[in-house]
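> Letter by letter, the chains look like this.
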Amino acid sequence: MMKLRNTLKIFACALPLLAGQALADAVSIDALAVGGATMRDNQLGEIRDVLRGGRGGYLDFGFNYMPLVSQTPLKSEYGEHDGFAFRHHMAGFGAGEISKNNYLGFLLWFERSGWDGEDFVLFPYYNDFSAVRSVTTWGFSYTQSAMDLTVAAGMQHQNVEHVGDIYPDENDSLLYSWAHLRWGHTSVQGSFHRTDWRSLRISMDLESREVYGGRRSGPLTYLPNLEVALYNGGDDGDDSVRVTWEQNLIAQRLYGEVSFDFPSREFHSAALKYYPDPSRMIGFEATCLRRNVRSGAADLLWGGAIDLLFVRIGYNSAYEYNHLYRAKGTFIAEFKFSMATIDGFLFSRGAPRSAPMETMKLDKKNKDNWPKDDGKIHLDQATGSAPKTLEAKGVRYEKTTYGGGAK
Amino acid sequence: MIFSSMIRSARRLALLAVFALATFGLTGCLSHWFLDPSTRLQVENRSSSTIVGIDVVSEDGSSIRPWIRDTIAPGERSRVYEEDWVGTFNIRIRVIEPASGKASVEGSYDIEDLEFDGGSEFLVVSDSEKGHRLHLEFK
Chain A
318 MMKLRNTLKI
328 FACALPLLAG
338 QALADAVSID
348 ALAVGGATMR
358 DNQLGEIRDV
368 LRGGRGGYLD
378 FGFNYMPLVS
388 QTPLKSEYGE
398 HDGFAFRHHM
408 AGFGAGEISK
418 NNYLGFLLWF
428 ERSGWDGEDF
438 VLFPYYNDFS
448 AVRSVTTWGF
458 SYTQSAMDLT
468 VAAGMQHQNV
478 EHVGDIYPDE
488 NDSLLYSWAH
498 LRWGHTSVQG
508 SFHRTDWRSL
518 RISMDLESRE
528 VYGGRRSGPL
538 TYLPNLEVAL
548 YNGGDDGDDS
558 VRVTWEQNLI
568 AQRLYGEVSF
578 DFPSREFHSA
588 ALKYYPDPSR
598 MIGFEATCLR
608 RNVRSGAADL
618 LWGGAIDLLF
628 VRIGYNSAYE
638 YNHLYRAKGT
648 FIAEFKFSMA
658 TIDGFLFSRG
668 APRSAPMETM
678 KLDKKNKDNW
688 PKDDGKIHLD
698 QATGSAPKTL
708 EAKGVRYEKT
718 TYGGGAK
Chain B
6 MIFSSMIRSA
16 RRLALLAVFA
26 LATFGLTGCL
36 SHWFLDPSTR
46 LQVENRSSST
56 IVGIDVVSED
66 GSSIRPWIRD
76 TIAPGERSRV
86 YEEDWVGTFN
96 IRIRVIEPAS
106 GKASVEGSYD
116 IEDLEFDGGS
126 EFLVVSDSEK
136 GHRLHLEFK
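Chains as they are written, first to last, in our numbering: chain A, 318 to 724; chain B, 6 to 144.
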């Protein structure tokens with residue numbers, strides 16, 4: 318009986334995984350072709366989140382894990398190629414106080430992603446249909462905490478390691494610059510290539526966050542977080558705008574997020590996210606995303622994800638779709654670690670409060686329980702009204718030097 | 006005493022090795038051992054036609070990528086041609102068929118959704134019993 322129950326349990330766990338990979342859709346050439354721009358924008362979005370405080374530190378690293386070749390095959394004009402979409406990322410930020418209320422920081426973001434015929438750790442196979450790119454973003458930040466002001470700027474390098482000839486032509490290496498200005502709850506971030514602007518992100522994070530010195534609860538924590546992102550369509554395309562509204566719904570544990578695209582005036586995505594603790598170390602999300610395939614019900618992609626501290630598992634969720642070349646129809650695991658800190662408090666990126674283990678406050682004064690007649694000085698004795706005298710017992714000695722007397 | 010301590014050490018080492026193996030397997034290192042990212046294709050021609058080439062054709066038929074550019078006479082085997090085609094593709098086999106009383110006729114056969122799993126593939130091409138068709142079999 319026990320054996321049968323265990324077998325059923327294994328079967329129940331394996332069934333969705335097998336079904337997930339059997340129904341997996343291939344990633345497209347188009348999605349991989351614009352992968353560099355997506356990576357750059359994702360990194361700048363994360364930097365915006367981390368620079369909300371402008372000080373402290375941030376550490377992140379992780380990689381996607383999809384062990385089966387059938388999970389993320391590549392769809393080309395010739396058919397469906399077995400292989401792996403991959404994404405490796407790491408990021409770090411640290412700011413130190415150089416004088417009172419003045420902080421100087423350095424940040425470095427790195428991501429290597431694409432599609433390859435082999436699963437790998439460091440060295441891809443680089444076959445005729447591979448696309449392997451990396452984006453490195455670095456910069457310096459300056460924060461004046463009394464004015465709640467942060468200024469940051471740096472460079473973004475987009476490097477092509479290998480791109481097969483089935484993809485549109487692109488430059489081997491592209492250099493972008495970026496700048497970020499935050500004053501209070503408002504920030505403006507721009508990305509530039511030579512003299513052209515590539516993107517402009519205006520954010521108003523009105524929600525009061527305790528981790529940055531705001532409120533722990535109350536009406537101010539229910540103010541919305543708004544973002545308007547403008548993208549340069551280049552010579553061939555039209556400029557576009559994406560407006561995102563994030564809203565605390567219940568006690569900074571349940572959030573709703575919705576975004577719309579302009580000028581098409583279309584719904585882009587919506588998400589309902591639940592964090593058991595406002596530090597966001599653990600999260601559950603349900604998402605709905607418009608895929609722009611224009612085929613009725615298939616246009617909307619419904620999915621969800623479980624985000625734990627060291628692992629994230631998503632199925633058709635908007636985050637995986639946007640970060641991994643529109644991969645869908647399969648379970649996507651990501652092994653990762655991501656943590657931000659300010660003044661020794663720990664929290665996940667974007668969280669309004671720190672982890673509970675760090676927010677315990679001692680409300681009792683120090684008190685000792687030693688007997689009063691043990692000959693030692695006690696805390697309550699030291700604060701008494703009568704003046705206290707100390708008597709030291711010991712050996713008095715005098716230091717002598719040659720040719721001289723006692724000093 | 007020494008013997009039992011050695012066994013204990015060996016067990017610990019084995020446990021460590023299994024853990025290391027699982028970790029490397031997880032990161033994709035070991036997938037190279039059982040997944041081949043390229044296909045080494047060899048063709049044996051058991052048909053009455055002469056095979057003059059094997060190509061991969063795009064789904065709309067507008068683009069062709071050659072795989073084997075070799076003439077394989079009836080009863081012969083080709084050399085091994087390694088390419089990065091692993092997956093499901095449309096294949097075109099170009100042949101010259103013998104024609105009675107006339108010059109040979111050049112033609113081609115399209116095979117849709119042919120699956121290549123990677124590694125060594127030995128493809129045997131023979132005449133189909135249904136006539137004017139080729140029979141393909143991976144061996």
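A couple of the hints might just be wrong.
Just some of the chain B residues that point at chain A, by a computed CB distance under 7 Å [what the hints assert, rightly or not]: (1) 42; (2) 58; (3) 61; (4) 63; (5) 86; (6) 89; (7) 91; (8) 125.
With a straight-line Cα cutoff of 25 Å, these simulated DMTMM-like cross-link-like pairs (lysine to aspartate or glutamate) come out [claimed, not checked]: (9) B/144 with A/358; (10) A/653 with A/397; (11) A/392 with B/87; (12) A/392 with B/122.
Hint data in this document are derived by calculation from the structure and do not stem from the laboratory. Think of the CB as a built atom: it goes at the ideal place given N, C-alpha and C, for glycine as much as any other residue.
> Honestly, which of those hints from before does the structure not fit?
When the structure is compared with the hints, numbers 2, 5, 8, 9 and 10 turn out to be violated.
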